[in-house]
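Q: Here is what each chain is made of, one letter per residue.
Protein chains: 6
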Amino acid sequence: MMKDIKILAGTSHPKLIQDICKILKTQPLKVTHTRFKNDNLFCRIEENIRDDDIFVIQTSVKPVNEYLMELYIMLDTAKYASAGRITAVLPYFPYVRSDQKDQPRIPITARLVADQIALAGADRVLSLDFHSPQVHGFFRIPVDQLQAQAVLVEHVQQTKRKFDVVVSPDAGGVKRARAYAQRLGCSLAVMDKRREKNDDRVYMGFIIGDVQNKAALIVDDEISTGQTLFHTTDSLLKAGAVTVSAFCTHAILAGDCLEKLKKSKLEELIVTDSIPLLGKPSAKITILSVSSLLAQGIMRIHKGESLSELFMHPFRI
Amino acid sequence: MMKDIKILAGTSHPKLIQDICKILKTQPLKVTHTRFKNDNLFCRIEENIRDDDIFVIQTSVKPVNEYLMELYIMLDTAKYASAGRITAVLPYFPYVRSDQKDQPRIPITARLVADQIALAGADRVLSLDFHSPQVHGFFRIPVDQLQAQAVLVEHVQQTKRKFDVVVSPDAGGVKRARAYAQRLGCSLAVMDKRREKNDDRVYMGFIIGDVQNKAALIVDDEISTGQTLFHTTDSLLKAGAVTVSAFCTHAILAGDCLEKLKKSKLEELIVTDSIPLLGKPSAKITILSVSSLLAQGIMRIHKGESLSELFMHPFRI
Amino acid sequence: MMKDIKILAGTSHPKLIQDICKILKTQPLKVTHTRFKNDNLFCRIEENIRDDDIFVIQTSVKPVNEYLMELYIMLDTAKYASAGRITAVLPYFPYVRSDQKDQPRIPITARLVADQIALAGADRVLSLDFHSPQVHGFFRIPVDQLQAQAVLVEHVQQTKRKFDVVVSPDAGGVKRARAYAQRLGCSLAVMDKRREKNDDRVYMGFIIGDVQNKAALIVDDEISTGQTLFHTTDSLLKAGAVTVSAFCTHAILAGDCLEKLKKSKLEELIVTDSIPLLGKPSAKITILSVSSLLAQGIMRIHKGESLSELFMHPFRI
Amino acid sequence: MMKDIKILAGTSHPKLIQDICKILKTQPLKVTHTRFKNDNLFCRIEENIRDDDIFVIQTSVKPVNEYLMELYIMLDTAKYASAGRITAVLPYFPYVRSDQKDQPRIPITARLVADQIALAGADRVLSLDFHSPQVHGFFRIPVDQLQAQAVLVEHVQQTKRKFDVVVSPDAGGVKRARAYAQRLGCSLAVMDKRREKNDDRVYMGFIIGDVQNKAALIVDDEISTGQTLFHTTDSLLKAGAVTVSAFCTHAILAGDCLEKLKKSKLEELIVTDSIPLLGKPSAKITILSVSSLLAQGIMRIHKGESLSELFMHPFRI
Amino acid sequence: MMKDIKILAGTSHPKLIQDICKILKTQPLKVTHTRFKNDNLFCRIEENIRDDDIFVIQTSVKPVNEYLMELYIMLDTAKYASAGRITAVLPYFPYVRSDQKDQPRIPITARLVADQIALAGADRVLSLDFHSPQVHGFFRIPVDQLQAQAVLVEHVQQTKRKFDVVVSPDAGGVKRARAYAQRLGCSLAVMDKRREKNDDRVYMGFIIGDVQNKAALIVDDEISTGQTLFHTTDSLLKAGAVTVSAFCTHAILAGDCLEKLKKSKLEELIVTDSIPLLGKPSAKITILSVSSLLAQGIMRIHKGESLSELFMHPFRI
Amino acid sequence: MMKDIKILAGTSHPKLIQDICKILKTQPLKVTHTRFKNDNLFCRIEENIRDDDIFVIQTSVKPVNEYLMELYIMLDTAKYASAGRITAVLPYFPYVRSDQKDQPRIPITARLVADQIALAGADRVLSLDFHSPQVHGFFRIPVDQLQAQAVLVEHVQQTKRKFDVVVSPDAGGVKRARAYAQRLGCSLAVMDKRREKNDDRVYMGFIIGDVQNKAALIVDDEISTGQTLFHTTDSLLKAGAVTVSAFCTHAILAGDCLEKLKKSKLEELIVTDSIPLLGKPSAKITILSVSSLLAQGIMRIHKGESLSELFMHPFRI
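Residue numbers (the numbering used here), protein chains in the order written: chain A, 249 to 565; chain B, 249 to 565; chain C, 249 to 565; chain D, 249 to 565; chain E, 249 to 565; chain F, 249 to 565.
No wet-lab data here; the hints were simulated from the structure.
As the structure is a computational prediction, the values presented were derived from the model and not from experiment.
Worth double-checking, as some hints may not be accurate.
If chains are identical, the list can't say which one is meant, so a pair holds when it fits in one copy or spans any two.
Below, simulated BS3-like cross-link-like pairs (lysine-lysine); rule was C-alpha separation at most 30 Å, straight line [what the hints assert, rightly or not]:
| no. | residue 1 | residue 2 |
| --- | --- | --- |
| 1 | 273 | 511 |
| 2 | 508 | 285 |
| 3 | 528 | 310 |
| 4 | 285 | 410 |
| 5 | 285 | 511 |
| 6 | 551 | 408 |
| 7 | 511 | 278 |
| 8 | 551 | 510 |
| 9 | 513 | 251 |
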């Protein structure tokens with residue numbers, strides 16, 4: 249076991265880090281983050297970290313590339329300051345959706361980021377809900393991928409919510425939706441999106457599966473502009489669903505998503521605090537915290553305990 | 249451009265290599281493959297290959313690990329014999345389904361194989377229909393992944409076959425099925441498999457989507473024992489489908505698959521020759537050749553031409 | 249020699265790239281740069297680049313980290329699109345001043361960037377006027393570092409300007425100033441900055457060397473806020489200098505630099521177009537173009553010709 | 249020192265692993281080895297191994313490539329399951345005789361395997377009696393190569409056997425034979441094999457050295473088909489040797505070796521259990537166990553104690 | 249923390265190693281260094297070092313390449329003898345002045361040495377006063393660079409010496425001289441060397457800065473032939489300096505430096521024992537020991553304590 | 249094929265390089281080798297080498313470590329000067345006898361040198377007569393190992409010399425001696441050295457094999473002090489040999505070897521010019537040149553032609 253757990257905090261999500269530290273009964277390392285006039289980032293760790301067990305926490309949120317570069321610089325600083333072991337804790341993994349080459353001459357940026365994180369000094373990664381499970385294979389260092397599923401299931405049990413059908417908003421997400429359906433004892437449906445012409449607007453689609461007279465829960469790994477989600481909601485209601493809610497782990501809420509949410513017929517949007525809420529919170533949004541899940545992950549990595557049971561049960565430290 | 253195209257042939261699929269060489273109007277390199285009495289493999293390339301553009305062709309078929317080790321040894325031999333550039337041509341990629349860590353403490357063997365292929369000497373990979381598109385991101389060398397879709401579409405057009413609905417046999421394959429449906433102008437359905445108890449037998453499931461009075465085409469990347477495929481066939485017929493056919497790129501046909509195929513209600517099983525047919529061919533099986541597709545890929549890599557148009561149109565060399 | 253020179257353009261400095269392409273009598277590759285709603289960058293190269301000799305041009309300017317990540321993504325895209333050779337052309341190298349560890353637990357970000365550029369796919373680097381010559385040693389790939397000195401000397405000769413003393417604005421830059429003094433036939437002086445208390449404001453300092461009745465030229469690798477430069481100007485005038493001009497290769501011009509320039513007693517600020525001018529140009533600023541120098545470098549790398557004579561003589565393609 | 253010794257057992261040699269575990273007073277890790285219907289191997293470690301000191305034990309025996317791939321997969325699994333340190337324990341090293349390039353365009357597979365073992369996750373190797381001592385230099389990770397010599401010497405002392413001359417069956421093995429001769433106080437002889445024509449049959453050869461009226465012990469690192477050994481036996485007897493015995497560390501016993509042994513004039517074949525005996529044991533075979541030697545090696549690696557004294561003295565744990 | 253501190257001594261500087269070991273209250277590891285008749289070096293470590301915290305001490309002194317190769321061989325030996333962690337302790341770093349490419353087609357040998365030290369097995373480096381601070385960035389392993397400044401300041405305080413002006417002997421050293429001036433409360437001056445023709449003789453130069461009636465201290469990282477130093481001394485005296493002394497960390501004293509020192513007007517030459525004094529000591533030379541500084545560095549690395557305070561205060565173990 | 253063959257000459261063996269260049273009808277590159285006063289080596293290549301096919305020639309001779317470091321520096325210089333491909337041509341490979349770990353805690357320096365050569369920039373190696381063939385496996389870059397055997401055989405044929413028995417001077421060399429015996433149609437014998445006590449003096453030994461009334465040729469890869477060779481000569485004569493000659497590829501001739509040769513009963517010592525003759529030549533020494541063999545190797549590598557036939561036949565360019 250390394251000397252001590254020490255938390256090296258990026259600037260992307262102070263609240264989450266505070267919550268994690270509180271659970272771990274520790275304080276983040278003293279660190280000075282600077283942006284020079286020439287727009288270059290810089291950090292100085294103000295305490296000795298030799299041989300310590302360092303956890304660098306940074307999430308991916310707007311401005312994404314600023315926080316990503318800050319992450320790399322923190323890793324580099326910790327490595328050459330002789331950290332004992334460095335774990336990059338990334339609640340929302342940067343560029344996670346850029347995971348395949350479905351057109352010629354495009355990047356697989358999630359792979360590039362995986363390599364750059366290791367190059368910069370990380371010995372391990374702890375993250376949450378990759379877009380696709382295969383992203384795990386992009387790394388050449390050990391990765392623990394936690395799942396927000398357990399957080400949702402615990403919430404549903406505590407609030408005695410009842411859903412009848414879990415809906416995947418597109419073909420790529422059916423496997424995830426299937427897993428949620430099993431845990432929640434629901435049936436499964438999937439949206440089949442069509443685009444009428446070759447433009448970017450997504451048209452309402454057909455629902456594959458039975459949703460009539462059912463309480464539907466759409467599940468997805470992230471919500472960006474919400475366009476897909478709100479269209480799916482409309483389609484489900486048109487197809488006879490009684491109510492439509494949604495659970496999206498990573499709440500990007502880009503563009504005018506919050507405004508559209510307000511107007512939409514979606515009853516409730518459940519998200520986690522893997523990224524800080526941009527814009528004003530809405531009455532329709534329920535935020536579940538992953539701080540306990542991440543704190544558990546950190547503590548178990550430090551102690552060399554298994555993380556696998558985190559996937560199965562509610563967790564307390 | 250490297251000096252010359254030279255084909256270094258593994259022993260897994262002589263017929264396919266012969267067909268590819270015929271199209272390329274070349275002969276495979278003279279090579280001696282030996283299995284010593286102590287079960288060690290060995291190869292000797294009998295011609296000079298310095299600075300040549302070497303394409304090592306090997307597919308993954310039973311005995312999988314023998315052919316895989318043979319592949320590694322051929323790559324090693326070519327590398328240290330001063331090949332100019334080495335492309336591993338792998339019609340069916342070994343261990344391609346071991347692409348995620350969905351249980352604790354299991355391997356992601358497709359990533360390991362990707363690394364070992366590069367270590368052994370490959371500068372590039374040319375392959376066909378990965379199980380998931382993210383496998384592309386496991387590599388740190390350029391990969392060209394061809395798709396058998398075009399071969400199927402060409403076949404359907406030539407034979408004037410007509411399908412109404414494309415069916416994914418499980419949640420993980422919905423995205424692929426979606427793509428086929430678009431190309432063939434079909435609607436989409438998906439099987440939702442259930443297991444009643446925690447044993448390995450797969451029970452008949454529910455079909456999500458409308459198949460009544462339709463000609464169904466199940467699509468999958470591979471057919472192993474066929475268990476899933478035959479159950480899906482039964483379910484589709486029970487749900488009102490008129491006929492059920494299937495297209496699976498890689499024809500593993502393990503166990504008693506061929507016998508079961510004979511008895512099953514599946515009308516036609518269309519496969520490719522990415523792996524040699526194990527067992528006797530059946531009247532129900534149609535084999536489409538990928539030799540022209542692979543030969544085209546090889547020639548374009550050698551000449552530095554784009555491969556992307558191979559995905560769109562029928563191809564002749 | 250690689251097949252063809254192809255220019256892959258980042259979005260940081262369109263004008264400079266246009267000028268370079270004009271000299272090279274070529275067009276940049278067709279490329280689509282996209283920023284998704286979730287703030288992730290993406291690019292797609294719209295033409296085949298297999299086996300070509302790719303030059304990716306990107307400079308470092310505000311927002312620095314956005315352009316840096318864009319650079320990495322372009323390199324990654326070109327590498328896996330099977331470029332023959334990739335040269336990162338970086339007129340102003342990112343994070344070039346973060347080149348030493350003069351405090352405990354800080355990063356050497358220029359080294360990190362050097363490694364990340366190679367990791368992302370660059371085979372070579374072409375850059376201009378590093379802050380310190382040792383930065384060259386951070387790389388494990390060949391680097392050609394051009395020097396704007398020749399551009400300035402040519403300008404001085406053409407405009408028949410006359411300087412008597414070259415001044416380094418601080419101790420770290422004396423070696424560079426010494427080189428300019430030799431080329432321009434001037435004597436040398438150096439500013440010795442003092443800070444009275446431990447705050448960030450730089451106080452006027454002492455001048456080491458004789459500047460009385462002399463036309464002074466301050467030289468530095470870059471001008472950021474200009475604070476040091478304007479203080480040095482005042483000190484030089486107070487010490488009897490007749491006129492004070494300055495040459496700074498990289499014109500960052502951060503904060504209210506341009507306003508201060510207007511008010512300052514600096515007669516002329518000569519810079520290059522290694523980065524695009526932020527803010528409105530000023531009558532006091534003379535901009536020398538490095539496009540010809542960079543175009544020459546690109547052409548000679550492509551043809552395998554020596555770049556060393558670029559350091560000595562005026563250059564035409 | 250790592251947390252705990254844990255033994256991860258391959259399926260190639262259950263008896264030897266059982267013996268080693270007994271000496272170490274431990275149980276192997278719970279692990280599930282699976283061969284899927286498509287012939288792909290898979291393993292799942294059923295216990296937490298984070299930060300533990302893992303020893304993966306696998307020998308090389310028919311089917312060699314199956315066990316080798318199983319080894320790679322176990323290493324990969326242990327690495328990404330966050331093992332603290334991984335030692336590959338390989339009683340008989342795979343492909344150990346493929347150690348030189350004595351023909352053009354052949355592989356040095358022992359080097360390839362050395363690299364693949366490290367790539368798959370091994371931090372160290374513990375092995376026994378390489379074919380040539382230089383194989384040690386193929387690795388870039390620390391290797392402990394134990395020698396069965398001490399096991400043989402102990403056996404000879406306990407059984408009060410007496411040999412007069414140690415014989416190398418070919419030129420390549422003279423150095424090893426020399427070492428045994430010194431330890432056993434014997435003189436040395438060497439077989440000079442000749443082939444009359446360019447075919448694969450090995451003809452009886454000349455003996456270099458005096459064997460008349462002597463009790464001869466042939467020593468070699470391994471016995472495969474035994475052809476060389478039995479011919480050497482005949483030659484020695486013809487040259488006047490009184491009795492001929494043999495010690496071969498690794499008992500491959502390929503083809504009809506056991507039958508030939510029965511018929512041959514070799515008095516006794518002494519081997520170790522570095523690989524499991526294939527075929528029925530013969531009255532002429534004496535098997536010495538290396539389990540104690542390997543268990544000692546494992547324990548000393550774990551404790552950070554010197555292994556060098558294992559080469560000199562009998563050993564008990 | 250690793251098991252034990254163990255010192256592996258090269259043969260370049262026995263006295264310094266003895267002093268360091270005395271302070272650390274330890275004995276160097278028993279090691280046999282051999283030079284074979286064919287001029288090949290060899291070493292054998294005579295004690296077990298498994299899992300220990302090894303510090304390999306070697307300085308760079310004539311014959312430089314012999315000691316450098318000896319260093320590489322010691323590192324290789326320690327690595328494959330299973331050392332727990334290896335720190336290369338290099339009081340004077342080899343080839344440290346070859347740190348930039350200021351002519352075409354020359355090496356940056358300090359970078360090459362940095363890479364070779366890591367390749368040979370070092371996990372970390374502990375060194376003293378690099379020629380330029382950027383050399384730090386040549387490494388991809390953590391480096392602690394101690395500074396002899398503190399040793400000098402302590403000496404000046406103890407001996408109550410008084411200097412008025414710190415002089416850099418050339419442009420490249422102004423930054424270092426600036427730091428000494430601040431610590432000693434002195435003003436700053438710099439020599440501007442000129443060469444009249446293109447030969448190797450350095451001519452007397454101009455002094456930039458005021459030295460009249462002042463006690464001058466020239467500071468430099470090393471003294472080789474002393475040519476520059478003695479010329480600077482003459483120039484300073486001619487310009488009115490009262491006395492001239494010098495502090496050079498690394499005392500190479502090449503050629504007839506000691507004789508010239510005797511004849512020169514330099515009052516005192518203060519050096520450290522980072523390299524052993526070649527030739528007879530002179531009455532004019534004061535040697536300060538860095539053994540305590542290095543011993544402190546070693547102990548703090550071993551214990552995981554911060555080294556940064558070593559830069560600020562006098563140090564006792 | 250690379251642009252041009254260019255020879256980059258080390259300073260260890262000017263005569264051999266001159267001969268090679270003459271055969272290749274080329275001039276070595278202009279290069280300046282410098283040894284600074286501080287004993288640091290330096291080189292500057294005085295001509296453009298971009299994209300050229302560089303062959304760096306250096307042999308291993310006293311002072312071994314100086315020439316080795318010079319080699320590394322030349323490789324580094326060529327790499328960063330943008331050479332197209334770099335082949336290290338090493339007639340006598342440095343540290344080639346340090347190829348195994350036959351004692352605890354010693355280095356395998358030949359492996360270290362192999363790695364350092366690749367690190368410094370070599371893409372390939374061309375060498376001659378390794379001590380053991382397994383050294384080939386130490387490299388991760390392609391190696392062509394030429395054999396002086398063919399040079400000797402050609403010489404024997406031309407001079408109509410006749411030998412009856414080939415003798416290996418120790419157990420380790422029997423395999424090499426065996427090969428020579430086959431090529432020369434001789435029988436085989438081997439010396440069995442004994443040491444009476446544990447000191448370094450080698451005592452006369454027993455000969456294994458029949459040498460009576462025979463013309464003996466001792467063969468070895470190198471002759472250092474000659475002690476073994478001269479003892480073997482005496483033993484052979486005592487055992488009835490008529491004449492004793494010797495062929496040693498690499499003529500180190502260390503210590504008083506040449507004097508001893510004069511006094512010894514060895515009739516003729518045949519060597520090659522792989523290393524320059526140290527000391528005065530002796531009437532007893534015949535020197536065969538490997539310049540033609542190496543020139544052929546260089547030319548064939550450049551043209552991408554097979555080198556394997558060089559092993560079989562006399563060679564002319």
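Q: Give a verdict on every hint.
A: Results of checking the hints against the structure:
no. : hint        : verdict
1   : 273 <-> 511 : neither (42 Å within a copy, 54 Å between copies)
2   : 508 <-> 285 : between (38 Å within a copy, 15 Å between copies)
3   : 528 <-> 310 : both (15 Å within a copy, 29 Å between copies)
4   : 285 <-> 410 : neither (54 Å within a copy, 33 Å between copies)
5   : 285 <-> 511 : between (42 Å within a copy, 20 Å between copies)
6   : 551 <-> 408 : neither (35 Å within a copy, 54 Å between copies)
7   : 511 <-> 278 : neither (44 Å within a copy, 40 Å between copies)
8   : 551 <-> 510 : neither (45 Å within a copy, 56 Å between copies)
9   : 513 <-> 251 : neither (52 Å within a copy, 55 Å between copies)
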